[in-house]
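A.B. asks: Here is how the chains run, residue by residue.
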Amino acid sequence: MNIENQPNTKPVSTWGLDPLFWTPAKLFVGDLHAALPSDSASVFFIGTHVVRTVQAVGIVVSVDTRSPKLTVYNGKHYSKHLDDGTGVIPCAQFVAPDEVAAMRQTFDLGSTVSVEGRLSTFRDVRQVVIRSIKHIDPNQEVLGWLERLALRQFLQSSIEPQI
Amino acid sequence: MDLEPGRPVFLDELVQQPQLHTGKTVRVTGTLHAYSPVTDRAELVDGQYLLIVDTQLLGVQQYHVGQTYQLIGEIDSVADQAPESLFDDAKFSLEIVLRARVGKSVDGLDMAVYKKSVHAVRKFLDT
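Protein chains in written order, with the numbering used here: chain A, 1 to 163; chain B, 1 to 127.
In case anyone wonders, no lab produced these hints; they're calculated from the structure.
Once the Cα atoms are required to be at most 20 Å apart in a straight line, the calculated SDA-like pairs of lysine to any residue come out as:
(1) Lys24(B) x Leu125(B)
(2) Lys104(B) x Ser111(A)
(3) Lys104(B) x Gln140(A)
(4) Lys116(B) x Asp137(A)
(5) Lys116(B) x Asn139(A)
(6) Lys123(B) x Ala150(A)
(7) Lys115(B) x Gln140(A)
(8) Lys123(B) x Gln153(A)
(9) Lys116(B) x Ala150(A)
(10) Lys123(B) x Gly30(A)
(11) Lys123(B) x Ala34(A)
(12) Lys104(B) x Leu109(A)
(13) Lys123(B) x Ser157(A)
(14) Lys104(B) x Ser114(A)
(15) Lys134(A) x Lys104(B)
(16) Lys123(B) x Leu151(A)
(17) Lys104(B) x Val113(A)
(18) Lys123(B) x Leu146(A)
(19) Lys116(B) x Leu146(A)
(20) Lys123(B) x Leu149(A)
(21) Lys116(B) x Leu151(A)
(22) Lys104(B) x Tyr35(B)
(23) Lys104(B) x Pro138(A)
(24) Lys123(B) x Phe154(A)
(25) Lys104(B) x Thr25(B)
(26) Lys24(B) x Ser62(A)
(27) Lys116(B) x Leu149(A)
(28) Lys104(B) x Asp64(A)
(29) Lys104(B) x Asn139(A)
(30) Lys123(B) x Glu147(A)
(31) Lys104(B) x Ile136(A)
(32) Lys104(B) x Ser62(A)
(33) Lys104(B) x Asp108(A)
Chain A extracted, bound-state conformation (with noise of 0.2 Å):
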């Protein structure tokens, strides 16, 4: 069942009383794909609810590592894209030269890893801006499906009819 997802048509200063606008909101990675974008670039609706910071647990099917156009960071773009099984999303994270081995080594294809940061689109195609990223237990990745479903229930009874 998909979630409804609407504008929250209410004024932004009470966006912060909504308890997912401070959590990392665990989520399918399908869910995050369908949230609807806002006029702000790191917000968007999902059910009613206002999201700026997700959490996805998945295994790592694609890695790539490429320099960023732009001079003024000597560093390196690391991209990973996650699948948990409703969907597949690249997580970004921009790392300092000396460090994109490790990062290789340790998040390598196939880890079953928990992602969490900022949800942004970023041409034409949503992301993860990664904050933090750690290895996860298979058996974490089956709780974390059972606590997106917990979530999602609860963003589906709890949609506000909108002014």
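Take the given structure of chain A and dock chain B to it, following the hints.
C.D. replies: Below, chain B alone, put in the same frame as chain A:
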């Protein structure tokens, strides 16, 4: 990059309805029953059901027979893919093979909880 998500499926579903999953990207979990580095072929088992896996894309890694593996890849239709090492009452399909592109050992995964969770996710997301 347009990658299809690997939808969790069970080996019995693949073996019983091979045509339904052909061309789709799936995530399968099972015990490694056999592996041949010469032919890049592995056989994954879950209960009585056996799936043939093409491991060419997985690269060089150690495979331990008897460990539980989770693989993501595309189901391809093939002809005459016979398993090399069968056991009694083995059920398999000669029509499909999994072209795995990502795989990892998931020893320690509670399969009973995993299966219940997959069913719960499907029930909730597909209704």
